[in-house]
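Protein chains in written order, with my numbering: chain A, 1 to 310; chain B, 1 to 626.
I should point out that these hints are in silico values taken from the structure, not numbers from a laboratory.
A quick note: this is a predicted structure, and the numbers were derived from the prediction, not measured.
Hints may be right or wrong, so weigh each one.
In silico negatives: residues of chain B with every beta carbon more than 12 Å from chain A [as the list claims (entries may be wrong)]:
no.	residue
1	F5
2	H59
3	E127
4	A180
5	V184
6	T271
Here are some chain B residues the structure puts well away from chain A; computed CB gaps all over 10 Å [to be verified]:
no.	residue
7	S257
8	V479
9	S502
A few chain B residues facing chain A, derived, Cβ under 8 Å [to be verified]:
no.	residue
10	V260
11	E262
12	L284
13	S305
14	R498
15	I504
16	R506
17	V507
18	A521
Using N, Cα and C, we set each Cβ at its ideal position, and we do this for glycine too.
Spelled out from the first residue to the last, the chains are:
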Amino acid sequence: MSRSDPGSAGIPPAHAGRARGPRSQDCEAAAGLHVERLSRHFSGVKAVDGVSFHLAPGETVALVGPNGAGKSTVIQLLSGVERPTSGRIMLDGRRIDGLAPERIARLGLGRSFQTSRVFPALTVWDSVLLGTQAGLLRDGHGGGRLANPLAELAGELLGLPGWRGRRTRAATRAAAALQRFGERLWPRRDQPAFSLSYANRRRLEIARVLAAQPRFVLLDEPAAGMNPSETAELTDLLLALRAEQPALGILVVEHKLSLVRRIADRVVVLNQGRVLATGTPAQALDHPEVVEAYLGRARTRPVESDAHLG
Amino acid sequence: MLELFASQVVNGLAIGQVYALIALGFTLVFGVSNLINFAQGALFMLGAFIAFSGVTVLHLPLPAAAVLSVVVVSLLGMLLERVALRPLENAPYIAPVLSTLAISLIIDQLAEIIWSPEGQAFPVPFEEATYFFGAAYVTSTDLLIFGFGAVTTVALTLFLSRSWLGRTLRATAQDRDAAAQLGVRTGNVKGMAFALAGLLGALSGILVALYFKSVFPQMGLPYGLKGFAAALLGGLTSMPGAVLGGLLLGVVETLASAYVGEGYRDLVAFTLVLVFLVFRPQGLLGNRRLDALGGAGGAAGAMPSTSVLTSASSQRGAVRTLDLPPWGFLAVGAVLALLPAVTQSAYVLQAVAYAMIFALLVASVTLVSGALGMLSIGHAAFYGVGAYAVGLLARNAGWPAEAAIAGAALVTAAVAVASALPLLKLSGHTVALGTLAVGQIGYLVFMTWLEVTRGPMGFINIPAPRLAVLGGLNLSSLVQKFWLIAAVAALALALAQRLLDSGIGRVWRGIREDRLAAHAAGLPVRRYILLGFALSGVLAGTAGGLFAYVQSVVSPESFTVGVSILLLTIAVLGGLGNLTGAALAGFALTLLPELLRPFAEWRMIVYGVALLIMLRLRPHGLLGAR
Chain A
1 MSRSDPGSAG
11 IPPAHAGRAR
21 GPRSQDCEAA
31 AGLHVERLSR
41 HFSGVKAVDG
51 VSFHLAPGET
61 VALVGPNGAG
71 KSTVIQLLSG
81 VERPTSGRIM
91 LDGRRIDGLA
101 PERIARLGLG
111 RSFQTSRVFP
121 ALTVWDSVLL
131 GTQAGLLRDG
141 HGGGRLANPL
151 AELAGELLGL
161 PGWRGRRTRA
171 ATRAAAALQR
181 FGERLWPRRD
191 QPAFSLSYAN
201 RRRLEIARVL
211 AAQPRFVLLD
221 EPAAGMNPSE
231 TAELTDLLLA
241 LRAEQPALGI
251 LVVEHKLSLV
261 RRIADRVVVL
271 NQGRVLATGT
281 PAQALDHPEV
291 VEAYLGRART
301 RPVESDAHLG
Chain B
1 MLELFASQVV
11 NGLAIGQVYA
21 LIALGFTLVF
31 GVSNLINFAQ
41 GALFMLGAFI
51 AFSGVTVLHL
61 PLPAAAVLSV
71 VVVSLLGMLL
81 ERVALRPLEN
91 APYIAPVLST
101 LAISLIIDQL
111 AEIIWSPEGQ
121 AFPVPFEEAT
131 YFFGAAYVTS
141 TDLLIFGFGA
151 VTTVALTLFL
161 SRSWLGRTLR
171 ATAQDRDAAA
181 QLGVRTGNVK
191 GMAFALAGLL
201 GALSGILVAL
211 YFKSVFPQMG
221 LPYGLKGFAA
231 ALLGGLTSMP
241 GAVLGGLLLG
251 VVETLASAYV
261 GEGYRDLVAF
271 TLVLVFLVFR
281 PQGLLGNRRL
291 DALGGAGGAA
301 GAMPSTSVLT
311 SASSQRGAVR
321 TLDLPPWGFL
331 AVGAVLALLP
341 AVTQSAYVLQ
351 AVAYAMIFAL
361 LVASVTLVSG
371 ALGMLSIGHA
381 AFYGVGAYAV
391 GLLARNAGWP
401 AEAAIAGAAL
411 VTAAVAVASA
421 LPLLKLSGHT
431 VALGTLAVGQ
441 IGYLVFMTWL
451 EVTRGPMGFI
461 NIPAPRLAVL
471 GGLNLSSLVQ
481 KFWLIAAVAA
491 LALALAQRLL
501 DSGIGRVWRG
511 IREDRLAAHA
521 AGLPVRRYIL
531 LGFALSGVLA
541 GTAGGLFAYV
551 QSVVSPESFT
561 VGVSILLLTI
571 AVLGGLGNLT
581 GAALAGFALT
591 LLPELLRPFA
601 EWRMIVYGVA
611 LLIMLRLRPH
621 GLLGAR
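Please work from the sequences and hints to get the whole structure.
Next up, the structure:
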């Protein structure tokens with residue numbers, strides 16, 4: 001279990017200063033990621049049970065809840081790895097539940113995994129380049145069309161100038177994504193991914209997701225296995241990302257509430273597959289029912305055992 | 001009519017009972033070690049032969065000989081686990097599977113040396129009686145097989161469900177680490193599973209020997225494959241499933257042989273396997289665990305990967321890979337092209353020509369098995385398609401060599417893509433089974449499609465290559481053919497290397513390393529798998545075409561599953577996914593037996609031992625897996 005002191009610095013007192021709040025529902029009814037009465041049952045177990053929420057462009061929403069609340073299952077459903085039992089998922093007005101994961105990814109919804117998946121035997125550089133491959137195939141084509149496989153084959157084999165241009169642009173995107181992590185990944189770009197530390201593998205996976213230039217990202221416990229200073233570093237990185245790409249929507253599943261309080265515009269609390277509370281981090285996380293769901297009892301006074309609340 | 005049908009069903013059930021016993025051996029071993037034991041067929045064959053020797057040499061009565069055989073083969077099963085598998089526990093996932101393959105190569109060849117390659121009559125000590133029910137009939141051998149099969153199955157079930165040993169076996173199958181925590185000696189349990197597999201193998205071998213009243217050293221492979229297929233139909237993890245799968249397979253193939261034609265027995269059986277892999281990869285009674293077999297088993301580990309090159313401990317040492325740049329292949333080809341200036345010996349030139357063809361062919365295997373990580377045990381079929389295609393295009397259609405080879409490459413690519421379609425969603429061990437079925441179906445088509453291939457008689461009179469670009473020059477001399485092969489092989493390998501170094505190669509390796517992550521990263525996985533098979537098909541088809549030109553005669557023996565297994569073995573020896581390693585190993589291991597010609601029958605044993613040593617010392621191959 002990860003611990004950081006709730007009383008320490010790193011938690012801004014309030015979120016009033018944040019420029020972007022939840023947008024008005026009326027003008028952005030279609031834009032963004034809309035989840036409607038989403039359910040996933042595993043032979044009787046209701047892992048996700050009628051969950052609804054939305055993620056607008058430019059917004060950061062945190063999905064929190066105790067273990068087994070269904071957070072990761074929601075990510076699996078949104079990214080198409082699992083099929084929902086019922087409910088709808090709309091991305092910019094387009095229904096995406098039932099689409100294959102790779103189609104959803106190409107529609108601009110990138111994701112990381114709870115146990116980071118990094119193509120272990122590939123180098124760090126190759127791993128990030130794979131994140132840019134779908135964009136490379138689409139480069140120069142209208143809409144979501146991919147380059148014809150024969151054109152790709154000829155381009156790669158003969159090194160045609162048009163194809164080399166695509167490669168260069170993809171490499172630029174990959175380099176930018178890696179350099180976002182400063183000295184953590186860039187000097188190690190020629191090492192195999194399996195040689196990275198646990199935290200660096202998490203960073204690598206996030207770099208790969210970002211290299212694809214998604215419009216929405218789903219991050220499944222990005223700070224797991226990171227110590228408090230690394231968590232703070234990741235938090236700063238995500239804040240910088242938000243500042244740079246004001247239209248990027250981020251859905252983050254995270255237990256470390258220090259991170260959640262700093263980056264989230266809104267928090268959705270899940271418990272036993274249902275939405276328990278939503279609101280600003282301050283409202284949602286201090287809601288008595290939420291505290292009880294996390295601790296198993298109502299909180300009376302701050303004690304040592306609350307440390308994991310961040 | 002109905003009686004005939006009933007007789008066929010009874011007949012099918014009898015042979016199905018034998019398949020069920022072999023399948024149970026697979027299932028047991030698979031359960032405790034998550035491994036497909038390719039040596040099961042060899043144990044089966046040994047069972048039959050030891051009983052045979054017991055009766056003919058030691059003059060034992062059949063029951064005593066059978067007991068002797070069962071005991072010896074059970075011990076051999078344990079020995080196999082100890083020697084070939086236990087040292088590889090933390091090796092890459094692929095290593096133990098290939099280790100059992102190596103063992104089966106060695107045992108099969110040793111059997112040919114000990115008992116001669118010819119089939120021999122198995123003395124049946126009792127008169128066979130036939131019982132009629134109306135027009136339907138059943139023989140005493142059928143009844144014997146039924147009886148033994150049923151008793152063994154029931155005894156095994158009781159053993160597993162009631163005895164403590166059986167419980168430890170089931171516990172180990174469910175969760176090896178947890179069982180070890182509770183004090184179960186999981187190593188011994190594995191040994192026991194292999195002993196039981198040996199017991200089942202020996203018993204089924206003896207029953208088959210009784211059924212056909214003959215034994216032959218090559219019987220391991222076909223029955224091993226059938227047992228495999230039966231286990232797969234049943235679901236690999238399910239004991240009742242294995243029995244059901246065996247019976248189903250037996251009945252279906254017997255009916256096919258009775259109503260469609262004897263040649264179609266195996267064709268129908270392996271088609272059934274492919275159909276199951278597509279529509280119900282978890283088998284009749286299996287569970288979804290099959291989705292996460294083999295390589296994908298690592299997906300649950302600390303560092304998720306679907307690669308067959310990862311190991312259970314998910315630790316990897318950095319493996320240095322040596323490989324040539326694309327132009328390196330052209331340079332090597334140019335150097336080899338000078339050989340005729342050094343020697344005019346037809347023997348040497350012929351041997352080196354075959355070596356170059358094999359280099360190309362193994363490269364084709366490593367593209368799919370190594371770069372894409374989809375183990376192929378069916379590439380001989382693609383090789384054959386290329387050879388027959390050149391035969392048809394050059395002889396029947398009169399095409400010049402460049403058109404015929406290109407045509408053969410494209411036809412083979414199309415066949416490879418078509419056969420990849422049912423394999424798209426498979427990974428780990430199941431894809432190896434799928435390609436095995438593809439390879440076997442290919443071979444059987446070559447055997448039975450008489451109008452085109454002339455079956456076992458062979459496709460003859462393939463003309464010498466005629467090059468249209470050189471004004472219809474006929475390459476009739478061996479030296480000219482040698483140059484053609486050197487040029488085509490070097491060019492094809494250079495292009496393939498360039499591809500592996502390109503973005504396409506990177507995506508292939510990404511799909512191998514983690515298919516789920518590849519999907520999630522938006523990579524069109526299906527497109528790249530099909531592309532990989534197509535290009536592998538181009539290489540295999542080209543190799544087959546060149547082979548047809550050198551041979552001028554093509555027959556199905558060159559394209560058996562045995563050849564496919566050999567190709568995969570060589571690809572592993574070279575380093576999976578490493579084109580230079582594949583080409584070098586293919587080249588060297590084709591020439592090596594020529595040097596060892598006086599010991600020709602030891603060739604496969606040398607391969608097997610080399611493979612075992614390599615798996616132990618350098619599991620990533622000679623030049624390193626890439």
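Violations among the numbered hints, reported as their numbers in ascending order
9, 10, 11, 12
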